[in-house]
Each structure stands twice: as structure tokens, then as C-alpha cells.
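Undergrad: This is what each chain is made of:
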Amino acid sequence: AQKITQTQPGMFVQEKEAVTLDCTYDTSDPSYGLFWYKQPSSGEMIFLIYQGSYDQQNATEGRYSLNFQKARKSANLVISASQLGDSAMYFCAMRVLYQLIWGAGTKLIIKP
Amino acid sequence: EAGVAQSPRYKIIEKRQSVAFWCNPISGHATLYWYQQILGQGPKLLIQFQNNGVVDDSQLPKDRFSAERLKGVDSTLKIQPAKLEDSAVYLCASSLGSRVPKPAGGQETQYFGPGTRLLVL
Numbered sequence: 001a002q003k004i005t006q007t008q009p010g011m012f013v014q015e016k017e018a019v020t021l022d023c024t025y026d027t028s029d030p031s032y033g034l035f036w037y038k039q040p041s042s043g044e045m046i047f048l049i050y051q052g053s054y055d056q057q058n059a060t061e062g063r064y065s066l067n068f069q070k071a072r073k074s075a076n077l078v079i080s081a082s083q084l085g086d087s088a089m090y091f092c093a094m095r096v097l098y099q100l101i102w103g104a105g106t107k108l109i110i111k112p
Numbered sequence: 001e002a003g004v005a006q007s008p009r010y011k012i013i014e015k016r017q018s019v020a021f022w023c024n025p026i027s028g029h030a031t032l033y034w035y036q037q038i039l040g041q042g043p044k045l046l047i048q049f050q051n052n053g054v055v056d057d058s059q060l061p062k063d064r065f066s067a068e069r070l071k072g073v074d075s076t077l078k079i080q081p082a083k084l085e086d087s088a089v090y091l092c093a094s095s096l097g098s099r100v101p102k103p104a105g106g107q108e109t110q111y112f113g114p115g116t117r118l119l120v121l
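As given, the protein sequences belong to chains C and G, one line each in that order.
First residue of the first sequence? That's 1 in the working numbering, and the numbers climb one at a time after it.
First residue of the second sequence? That's 1 in the working numbering, and the numbers climb one at a time after it.
Everything labelled a hint here was simulated from the structure, so no lab data went into it.
Here a beta-carbon is modelled for each residue, glycine too, at the ideal position from N, C-alpha and C.
Some hints here could point you the wrong way.
[Claimed, not checked] Simulated DEER-style distance windows between Cβ atoms:
no.	chain 1	residue 1	chain 2	residue 2	range
1	C	G62	G	A2	18 to 24 Å
2	C	A71	G	L121	46 to 52 Å
3	C	E15	G	K15	39 to 45 Å
4	C	S42	G	L70	18 to 24 Å
5	G	T109	C	T5	20 to 26 Å
6	G	L121	C	G85	32 to 38 Å
7	G	I38	C	D26	18 to 24 Å
8	G	R16	C	A1	21 to 27 Å
9	G	K78	C	Y98	22 to 28 Å
10	G	L121	C	R72	32 to 38 Å
11	C	Q57	G	R16	20 to 26 Å
[What the hints assert, rightly or not] Derived pair list, reagent style EDC-like, types lysine to aspartate or glutamate, alpha-carbon separation capped at 20 Å:
no.	chain 1	residue 1	chain 2	residue 2
12	C	K3	G	E85
13	G	K44	C	D86
14	G	K11	G	D86
15	G	K78	G	E68
16	C	K3	G	E68
17	G	K44	C	D26
18	G	K11	C	E44
19	C	K107	C	D55
20	C	K107	C	D86
21	G	K62	G	E85
22	C	K70	C	E15
23	G	K62	G	D86
24	G	K44	G	D57
25	G	K44	G	E14
So that you can see chain C by itself, here it is in the shape it has in the complex:
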């Protein structure tokens, strides 16, 4: 069965520290894509980063990087030098068979 698991319901992190948000996935399809989205309290889903299953290198977008470990089926999001504006819900999602499957999300709170 296709599934995304985010095991951290909530995290508190000190400002300027690096943050790792966990995501594991389950699929038997060799072709899939992994996405991370940020959802602030305003409600909008903001696309952060994408990793394809055949990509050889880990994806990076500014302060965001995706630690892709295919054998372990994990796709953790790393945020470097966290900022107060990073406080939000973060969702991991997997695209397989033309469907986007979502995790339950992690609530990240950055402390000043």
C-alpha cells in the first residue's frame, strides 16, 4: 500500500539552529516523486522542494535540502539556520500512479 509517515507531530527548535523533519514512505512502484510543502497558519500550502526517485543527487532549494535515502525509504527535510518565519505545519507527500499521497504533517515552532 502507498503510504507516507511523518512520526513527529510537533517540534520546538531554537532560532538559527538546523532542523530535520522526518518522512518515510512506502511504495512498490519504482517511479515516484517526493514533495515537501509548508502550511503557515494562514492556510496556504507552499511548495518547498521536490525529489524524483531516479534523481542521483539530493535536492536543494536555498535553505531547504532533502536527505533522500532510497534504501531506507526516507525523505527527510532539512532546514538550515531556522528563522521565526519557518514556524508552520510541514507536509511530506508522494506522487505515485498519478496520485499525491500526503502525510499527517509536523508542526514546527521556532523559538526566539
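With chain C's structure known, arrange chain G on it following the hints.
TA: Just chain G now, with coordinates in the frame of chain C:
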């Protein structure tokens, strides 16, 4: 470039009333999605359109929910009659879509609107 537009942003209705939400996708995006997001959960896909055709509506409660995208651009989602459990955020998203299907792992990023928060009393 303008993003995905949705209206209204907030709506409060009583159970058994009807309500409609509107979405205008990013210009040129062929694929449009409606999601329901219950508080504390990830989004659940209700319906996906490719141009004006329905690709997937398997999770749409068709006895009370309906959606249309008549001209292949903007879309309307309707609930009639509403139930208490319909209280949620309704998100609209769009993606480029392509006449040539990408592999399932190919990037087809969905871009979201601000959502409509519905409260059914």
C-alpha cells in the same frame, strides 16, 4: 504571475444549507484539484480535473458534493446539504498538466490557493 485564486476565504453556514466555493487556477494550468483538509490532517483529494474532464473523483461524496469546470479554466465546488463533518478547509490547487504523461515520478508540482475555511453549525 498570479497564483491560484479562491473565494470566499471564510464561510459559516448552518447544517442542511448549501454552499459554493470558487477557484481560478494559474493561467495555462490544465489540471485542477479540490482538496478537503480537516483540522490536524493532511489534505484529502476530492476531485481532479484535466481541462474540463474529470480524472479522479473517487473520494468525492457524490450524494452531497458536486464540482464542475465547464470551460476548462475556473471551477466551482458545491456542497448541498452541508453536514457538521464538512467543517474543514477546502483547498484548490493547479498544475501544468501535459498532453504527454510524465512518469509517475516526474515532477508535476501542484500550486495551492489560500483555501476556504468552512464552518458548519
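Undergrad: All hints are to be evaluated individually against the structure, with a verdict given for each.
TA: So, going through the hints one by one against the coordinates:
The beta-carbon spacing between C:G62 and G:A2, approximately 23 Å, falls within the hinted interval of 18 to 24 Å. Here the CB-CB span from C:A71 to G:L121 is close to 50 Å, well matched to the stated 46 to 52 Å. Range check, C:E15 to G:K15: about 44 Å between beta-carbon atoms, so the 39 to 45 Å window is met. At about 30 Å, the beta-carbon gap between C:S42 and G:L70 misses the expected band of 18 to 24 Å.
Between G:T109 and C:T5 the CB atoms are about 22 Å apart, so this pair conforms to the stated range of 20 to 26 Å. For G:L121 and C:G85, the hinted distance range of 32 to 38 Å is satisfied, since their beta carbons lie about 34 Å from each other. Taking 18 to 24 Å as the suggested C-beta distance range, the pair G:I38 and C:D26 conforms, at roughly 23 Å. Between G:R16 and C:A1 the beta carbons are some 36 Å apart, a value that contradicts the proposed interval 21 to 27 Å.
For G:K78 and C:Y98, the Cβ-Cβ distance of about 25 Å falls inside the hinted range of 22 to 28 Å, so the restraint holds. Distance hint for G:L121 and C:R72: a CB-CB separation of about 46 Å, inconsistent with the stated range 32 to 38 Å. The hinted window of 20 to 26 Å between C:Q57 and G:R16 is violated, with their beta carbons roughly 54 Å apart. Restraint check: the Cα-Cα separation between C:K3 and G:E85 comes to about 24 Å, which exceeds 20 Å; the hinted pair is violated.
Distance check on the hinted pair: G:K44 and C:D86 sit about 24 Å apart at the alpha-carbon level, beyond 20 Å; violated. Distance hint between G:K11 and G:D86 is fulfilled; the C-alpha atoms sit about 12 Å from each other, no more than 20 Å. As the CA atoms of G:K78 and G:E68 are separated by approximately 9 Å, the hinted pair is consistent with the 20 Å bound. In summary, the hint linking C:K3 to G:E68 is not supported, as the alpha carbons are separated by about 29 Å, beyond the 20 Å threshold.
For the given pair, G:K44 sits about 18 Å from C:D26 by alpha-carbon distance, which is consistent with the 20 Å threshold. Pair hint G:K11 plus C:E44 holds up; C-alpha atoms about 16 Å apart against a cutoff of 20 Å. About 28 Å separates the Cα atoms of C:K107 and C:D55, which puts this hinted pair outside 20 Å; it is violated. Pair hint C:K107 plus C:D86 holds up; C-alpha atoms about 10 Å apart against a cutoff of 20 Å.
At roughly 15 Å between alpha-carbon atoms, G:K62 and G:E85 fall within 20 Å of each other, so this suggested pair holds. A threshold of 20 Å between alpha carbons decides the hint, and for C:K70 with C:E15 the separation of about 30 Å lies outside it, so the pair is violated. For a cut-off of 20 Å, the pair hint linking G:K62 to G:D86 stands: about 13 Å separates their Cα positions. Note on G:K44 and G:D57: the hinted pairing holds, with a Cα-Cα distance of about 11 Å set against a maximum of 20 Å.
For the suggested pair G:K44 and G:E14, the alpha carbons sit about 23 Å apart, so the restraint of at most 20 Å is broken.
The structure is inconsistent with the numbered hints 4, 8, 10, 11, 12, 13, 16, 19, 22, 25, although it conforms to all the rest.
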